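S.K.: These are the residues of each chain, in order.
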Amino acid sequence: MVDKLARIVTEELNVWYGAHQALKSISLKVEANEILGIIGPANSGKSTFLQVLNRLIDLKPQTRVSGRILIDNQEIFGANIDVEALRRKIGMIFALPIPLPMSIFDNIAYGPRRNGIKKKSMLEEIVEESLKAAYLWDEVKDRLSDSGLNLSGGQQQRLCIARTLALKPEVILFDEPCSGLDPVSTGKVEEAMLELKKNYTLVLVTNNTKQASRVADRTAFFLMGELIEINNTQEMFTVPRDKRTEDYISGRFG
Amino acid sequence: MLKKRWNHKKIFEWGIEGLIKLSGIVSIILVGLIFIFLLKEGISVFKIVNPINFILGKEWHPVSKPPDFGILSLILGSFAVTLGAAIIALPLGVTSAIFIAEVTTGKTKEMLKIGIEFLAAIPSVVIGFVGIVVLAPVIQKVFDLPTGLTVLTGSIMLSIMAMPTIVSISEDAITAVPKRYREAALALGATRWQTIWRVVLPSASGGIVAACMLGIGRVIGETMAVMMVTGNAPRIPHSLLEPARTLTSTIAAEMGETVQGSEHYFALFAIGIVLFIITFVINFTADLFLHKEKV
Ligand SMILES: Nc1ncnc2c1ncn2[C@@H]1O[C@H](COP(=O)(O)OP(=O)(O)O)[C@@H](O)[C@H]1O
Ligand SMILES: [Mg+2]
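Keeping their order, the protein sequence lines are chains A and B.
Quick note on numbering: the first sequence equals residues 2 to 255 in this note's numbering.
Quick note on numbering: the second sequence equals residues 9 to 303 in this note's numbering.
These are calculated hints, taken from the structure and not from any lab test.
Careful: at least some of the hints might be erroneous.
[Unchecked claim] Derived DSS-like pairs (lysine-lysine); straight-line CA-CA distance at most 30 Å: (1) A:K25 with A:K142; (2) A:K142 with A:K169; (3) B:K187 with A:K133; (4) A:K61 with B:K117; (5) B:K55 with A:K61; (6) B:K149 with B:K121; (7) B:K187 with A:K90.
[As the list claims (entries may be wrong)] Counterexamples of contact, computed for chain A against chain B with all Cβ distances above 10 Å: (8) V66; (9) Q75; (10) E76; (11) T210; (12) I229; (13) E236; (14) F238; (15) D243.
Computed from a predicted structure; not experimentally measured.
Beta carbons: idealized from backbone N, C-alpha and C, even for Gly.
Just chain A, same shape as in the assembly (with noise of 0.2 Å):
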């Protein structure tokens, strides 16, 4: 029945830097339709699970990947595995936006255009629809030919948000995305990233435990590279089951 709702599996999944090992036998699920929260300190290896995800990690020279990834089911690093369209599919979000060097209308149709749609009505709709989604096309409706390194920084992540979504993607991944904003734009994200929920499969890395507990409906604790501990959100941040696990959410931690 769970298995049914698994968005993703990773089993026994190990990802080396040259000689340096980032994860180490990670096996976890990411259901549908939830917010997996990801915390733990720096260098736990919480990006390169993201990367590995989307297959990012692809770029980086000298990294090995072992063990078995399946999104709906398919292993991704599988022999016939179209890696663009698998990065369609799982979108992401960066600690820095990061808008391309054109206007906020290209921005987000950039996708789209990509994928061959050339309607301009069609396009309209989609940069619509999206902005909306990411709650900023109040903020931006007025001025969509300007260029997106306009924009605040908190808009500039709700841009970059809009521009995933233009691309249908099933599965978003965040990495980190409020660690540069203030409150306030923090709080959209955050907020927009509730309404999300809906109709995708979030996974969020944040450095800020609170901002687990605030959005996610069950929380990851890596350390060092390994799974500490995985659980509902409300329950591990009440009883966790790890000492370590503990002492980081309550900031003992170095």
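Assemble the complex: chain A is given as a structure, and chain B with the ligands must be docked to it using the hints.
M.R.: Below, chain B with the ligands without anything else, positioned relative to chain A:
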């Protein structure tokens, strides 16, 4: 109120700042002086021939009686050689830069970069020599010409000289595009080439354009190689396979034979003014692109 205090550190800072300012000012003054000198020496020729006839005149017979001082054939010679070199060097240079920056890694990248630097270190006389000995006979044979010293020969040799500038500055510009941009595009499902084409190159376009302009600037100003391989005929070239003569090689070839203070001498300086203006405009435009605000 903040009181201005003088201590060693302040004086040192002030001294360094002054020194830097001074060298800046000196170089500007030097350029100004050179231009004034050129102007002073060159302007006299316009007593004999008016500027329009000078630039648009088709005949260049500086020592016949009466002399003809028309430099159109020289301007067109320079233009043809430069255009040819640009057509060869720009696509080749920019694609090489993309290749070095985006495709190669590690040792191969280092080797290629060193190779390009090495190309820049070859004296132009050597390039001219190679042009005469190796390229000219090939061109003569392939196109069945009376002489292999043609515009095309000059263009090819000059494109080799422009390449290092174009490649290394473009490569810097491409490499300077933040890695985050690439990752963002790739995470959107773009392929490597789509990422380069739609994201990396537009972000680096200012630097690439500047690289091309500087490369072309180098070609226009080049003298030695071009004098050796283009045949030096002061006629308007009607095809790339004819000899021609450029502004620079005219000055270099004739300066030694003129009497200081003669009309011919002044005319050569006037050519210098024309060259100065052309290169100044090119470098200035390149600078605009280099420093233009990123989109
Ligand atoms: N491109 C890379 N090359 C080599 N080592 C890397 C690279 N990226 C990350 N690492 C190493 O892998 C480990 C995990 O890093 P990362 O996944 O970024 O952790 P986190 O996101 O939890 O801070 C760290 O020890 C880091 O130094
Ligand atoms: Mg990280």
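S.K.: Run every hint past the structure and note whether it holds.
M.R.: For each hint, the structure was consulted:
1. A:K25 with A:K142: violated, 46 Å
2. A:K142 with A:K169: Holds, at roughly 21 Å.
3. B:K187 with A:K133: holds, 29 Å
4. A:K61 with B:K117: Judged against 30 Å, a Cα distance of about 17 Å means the pair holds.
5. B:K55 with A:K61: violated, 69 Å
6. B:K149 with B:K121: With Cα atoms ~34 Å apart, K149 of chain B and K121 of chain B exceed 30 Å; violated.
7. B:K187 with A:K90: Roughly 22 Å between the alpha carbons, so the hint for K187 of chain B and K90 of chain A holds.
8. V66: Non-interface label stands for V66 of chain A: nearest chain B Cβ at 17 Å, farther than 10 Å.
9. Q75: holds, 16 Å
10. E76: Answer for E76 of chain A: holds, closest chain B Cβ roughly 19 Å.
11. T210: holds, 26 Å
12. I229: holds, 27 Å
13. E236: holds, 32 Å
14. F238: Per Cβ check, F238 of chain A is outside 10 Å of chain B; nearest 30 Å; holds.
15. D243: holds, 32 Å
Against the hints set out earlier in the document, violations occur for numbers 1, 5 and 6.
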